[in-house]
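Sequence lines, in order, name chains H and D.
By the working numbering, the letter at position 61 of the first sequence is numbered 61, and the numbering carries on one by one without gaps.
By the working numbering, the letter at position 508 of the second sequence is numbered 508, and the numbering carries on one by one without gaps.
Since the hints were derived computationally from the structure, they do not count as laboratory data.
Be a bit skeptical, because a hint or two may be false.
Which copy is meant is left open, so a pair is good if it fits within one copy or across any two.
[Unchecked claim] Calculated pairs, DSS-like style, for lysine-lysine (alpha carbon to alpha carbon, straight line, at most 25 angstroms):
| no. | residue 1 | residue 2 |
| --- | --- | --- |
| 1 | 267 | 34 |
| 2 | 228 | 297 |
| 3 | 217 | 186 |
| 4 | 478 | 468 |
| 5 | 22 | 90 |
| 6 | 105 | 9 |
| 7 | 32 | 71 |
| 8 | 71 | 276 |
| 9 | 478 | 337 |
| 10 | 396 | 32 |
Protein chains: 2
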Amino acid sequence: MGIAEEMGKQQRAISVSEFFEKNRHLLGYDNKAKAMLIIVKEAVDNGLDACEEAGILPEMYVGIKQLAEEKFQITVKDNGPGIIKEQVPKIYGSLLYGSKFHRLKQSRGQQGLGISCAVLYSQLTTGSATTVRTSTGNGKTHMYQLRIDVGKNKPIVMETSVDENDELWHGTEVTFVSEVTYRENKQSVLEYIKQTAISNPYADIVFDSPNGRVEFKRGVGRLPPEPKEILPHLEGVELGVLMRMLESTKARTLHSFLTTEFSRLGKHSANEILLKAGITREMNGQNIPDTKLKPGKVSDEMARMIVEAVKHVRLLRPPTDCLSPLGMQLIESGLLKELNPDFVSSVTRPPEVYRGWPFQIEAGLAFGGSIQSFSLLRFANRVPLLYQGGACAMTKAVQETDWRRYSIDVNRHSVEEPLVVFVHISSVWVPFTSESKEAIANYDVIIREIKLALQECARKLSIWLSGKRKKALLSKKKSVFERYAAETAHALSIITDLPEEEIERKIIDIINERWEELNGGKTDEVEGEDHETGEGSNGSAPEEGESEYSASGEKSF
Amino acid sequence: MGIAEEMGKQQRAISVSEFFEKNRHLLGYDNKAKAMLIIVKEAVDNGLDACEEAGILPEMYVGIKQLAEEKFQITVKDNGPGIIKEQVPKIYGSLLYGSKFHRLKQSRGQQGLGISCAVLYSQLTTGSATTVRTSTGNGKTHMYQLRIDVGKNKPIVMETSVDENDELWHGTEVTFVSEVTYRENKQSVLEYIKQTAISNPYADIVFDSPNGRVEFKRGVGRLPPEPKEILPHLEGVELGVLMRMLESTKARTLHSFLTTEFSRLGKHSANEILLKAGITREMNGQNIPDTKLKPGKVSDEMARMIVEAVKHVRLLRPPTDCLSPLGMQLIESGLLKELNPDFVSSVTRPPEVYRGWPFQIEAGLAFGGSIQSFSLLRFANRVPLLYQGGACAMTKAVQETDWRRYSIDVNRHSVEEPLVVFVHISSVWVPFTSESKEAIANYDVIIREIKLALQECARKLSIWLSGKRKKALLSKKKSVFERYAAETAHALSIITDLPEEEIERKIIDIINERWEELNGGKTDEVEGEDHETGEGSNGSAPEEGESEYSASGEKSF
């Protein structure tokens with residue numbers, strides 16, 4: 001039958017560009033307003049990543065110019081280290097190309113897909129090439145105008161030039177022309193930049209929106225510590241990956257492969273794994289680990305036994321210096337700077353591990369002041385998440401928190417207070433639910449960590465709130481006493497025959513004296529301790545470096 | 001600064017296999033039970049596609065054998081045309097390879113990702129190679145054991161052999177060894193196969209489950225008409241794609257490019273588009289369409305004007321013979337065969353268009369009999385959809401249907417009747433919400449079509465139900481008359497002095513006579529017409545080929 005041959009003729013390879021062109025909703029390009037946000041986000045994420053990696057305090061510029069009803073020019077510029085000219089076409093002009101996929105290091109980008117998909121979306125919708133200008137600070141600026149050859153997933157350079165600079169700038173500027181729409185609502189570019197300013201308070205950001213310029217000044221003048229790259233942890237490595245690593249390793253023995261290519265795996269643990277996996281040799285009638293076996297001699301079955309053995313050997317947890325949390329000071333600085341609240345508190349939890357990947361949760365609460373109502377701000381590796389809140393572990397943790405225990409008003413599952421909740425996950429591999437990187441997967445350990453962080457912050461808020469509310473009560477009492485002071489003085493003057501004015505002055509003095517006494521902090525503290533005791537049952541230790549500041553900057557308790 | 005150079009060194013390409021290995025949740029591999037379902041589904045989908053394309057009545061075999069606690073051997077065999085040996089490694093051993101992505105034809109597979117990802121998942125979790133045996137009916141069986149070279153996205157053939165057959169079989173058998181779990185619940189392999197038997201009633205399916213053999217015999221002996229491949233419709237083509245088509249076209253003029261490479265675009269419409277796009281030349285002082293312009297001379301701006309012009313020119317809709325709906329007979333045959341209901345009705349709606357892609361909705365209702373409660377069965381190009389029902393346009397349409405109007409009991413938004421709703425979308429490009437192909441995107445026109453289909457089916461059910469319920473009422477009345485016949489006869493015999501037995505016999509005769517009269521169908525019909533009139537407001541014409549059968553096979557109205 002010729003049918004199989006005929007069908008064979010139609011079989012051919014599909015380029016990854018073709019795939020994502022047809023399936024661009026996978027990367028979040030569902031509608032034109034969201035497309036605008038994603039393009040800005042990918043470029044800003046890349047810029048911030050580059051600055052931080054080079055240890056440069058970021059200065060970001062975002063410019064959006066309307067060209068036609070649904071056609072905009074989007075420019076994003078950073079002051080990062082720049083890109084060497086050979087790499088520019090590949091980074092912007094082919095999908096699945098980059099430095100972040102093959103390493104384990106906390107960064108905003110992960111896949112090498114984001115920025116090239118923005119180029120792809122622009123050419124698909126407006127036919128326009130994307131312009132990249134970059135300088136590494138060597139006095140030359142390289143300009144490229146490029147498109148993607150979709151069938152081949154390769155860059156097509158339309159134009160290129162080199163300028164000699166007068167000033168020695170460094171950084172990268174990218175300009176897209178895309179079919180998008182601009183709005184300023186909860187899921188807009190403006191909101192994204194505002195939240196980026198909160199989670200990156202060491203960055204200066206200038207935003208030229210179609211409605212005018214908005215500037216976000218940095219609140220602190222130092223970068224958080226640079227995250228370190230780590231080796232994979234054997235617990236999170238699947239059999240197929242292990243087999244591949246064995247094929248390409250340069251280690252001379254299986255034993256040294258285990259101790260050098262994995263995180264926190266010492267000689268002792270390696271021996272134990274070999275023993276459990278039955279990879280042994282005989283010595284003096286005893287089975288000892290075969291430490292001399294060459295990686296090339298490890299059979300598929302042995303590899304399988306190693307993966308099995310790992311489940312029964314207690315390994316050290318992965319190191320956590322690979323994580324770079326913001327830290328409490330930066331969180332509070334960001335919240336104070338952009339939200340102008342009456343109170344902030346924050347907490348950085350100790351690192352934890354899901355599926356062999358380290359992660360760390362931070363939370364912050366901002367209350368009152370310019371804040372009008374409740375909202376949740378979600379962040380992953382310092383990037384704001386604006387979409388798919390409903391599917392996110394952070395939303396779930398907020399919903400599962402019993403806010404009422406912390407004197408926070410809740411009506412039918414929604415918090416009814418002027419409260420902003422900030423949640424941040426740092427990880428070398430953030431578990432997003434989809435490629436559009438909008439929501440965090442619902443791992444139990446992640447939800448638990450978020451809830452503990454929220455509880456710690458909420459406890460502080462509750463103390464501050466009860467102090468504030470007690471003060472309000474006292475203040476009411478005081479005004480009642482003051483109101484009746486004259487009348488009381490009049491009555492007492494009849495009884496005692498002393499002058500009315502003197503008695504009234506004395507009463508007022510007593511009220512004020514008592515008032516000062518009550519406001520000396522002592523009462524609040526007792527009240528506060530009551531609270532801490534009242535909910536010691538959640539099991540979280542208070543020593544995990546909590547801190548909180550009143551908006552005025554002084555420690556309030 | 002050396003930083004840019006240093007960073008440049010780390011930049012490299014990521015293979016699409018590496019990408020999906022790390023992001024396998026994008027294809028639905030979230031957990032081990034779902035992984036089992038997906039592997040079976042991808043193999044069965046491919047087998048059914050191959051059979052239908054070759055005009056062969058499908059005979060599918062699915063075998064699942066437990067090897068260890070979470071390790072199973074999964075075998076799927078079809079009697080399709082087989083695969084020529086050169087293509088086997090590419091189809092199974094590289095991602096994004098296939099015949100279905102680059103054409104517009106209704107089929108189960110779309111991307112060239114599914115089956116190779118099953119190979120990838122198997123080697124990742126158990127390290128096992130996948131075995132493929134295939135014959136094109138030429139007396140030879142080719143066997144391949146293969147893996148994927150993940151870094152290169154290329155097949156690695158571990159072993160290969162050729163056997164001379166005794167019998168001239170044709171088809172393909174694939175065997176995976178994967179880390180999965182087996183269960184028999186609502187989202188299981190068993191449920192998937194059962195639903196596949198409903199939507200493919202012309203297929204024989206044998207399933208050797210870990211709990212024993214289940215056989216699904218075909219209910220009809222003919223295939224539905226083969227869907228035709230179509231050209232793209234200009235309305236659905238984006239600028240970037242148009243520009244690429246212009247670059248690679250063999251047409252000699254832009255005008256002939258438009259009329260030969262797009263669906264249903266005649267000379268007249270092409271002229272109109274050129275005119276609107278301002279692609280004209282002067283003749284006798286008049287602007288006429290420039291029909292001689294070569295494709296190579298079409299500037300990007302001209303292409304943009306063409307896309308713009310299309311919005312203002314009325315084009316013929318895409319042809320609909322590219323769609324192969326199941327048809328009412330097959331739907332009802334499938335529902336009767338697998339669900340054994342008292343009543344079925346079905347409807348095939350006329351084709352419609354979303355974003356330039358043709359699609360067609362079919363619906364069926366099965367009521368009573370062996371059915372215990374309400375459920376919705378969702379299908380796309382004859383494939384059952386078991387996950388993400390909440391996100392699906394079909395679920396939304398069912399929820400938005402006012403079932404009460406059709407005498408169907410609803411309590412708090414859930415239907416409280418023994419009712420199975422069947423919904424099927426056929427399309428050359430099914431708009432799934434994600435790459436795991438589990439839910440239909442919420443396009444308005446699709447939801448509207450589903451609702452119209454459901455209303456048409458529900459109207460028929462309502463007539464049958466009211467007939468049935470009236471009959472039940474009459475039957476109750478009859479038994480009351482019968483119960484009192486003897487007593488009445490006794491009283492009348494005293495009055496009339498006639499023998500009691502004769503009177504009783506006459507009464508019974510009258511009851512039976514009247515009973516037969518009432519059950520002659522006349523009453524039902526009147527009742528039925530009342531209903532049809534009562535809801536003529538939904539605007540759907542009744543001539544769209546509705547039909548319904550009672551379970552016994554005869555037309556009931």
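Item to check | Hint numbers contradicted by this structure | outcome: 1, 2 and 9
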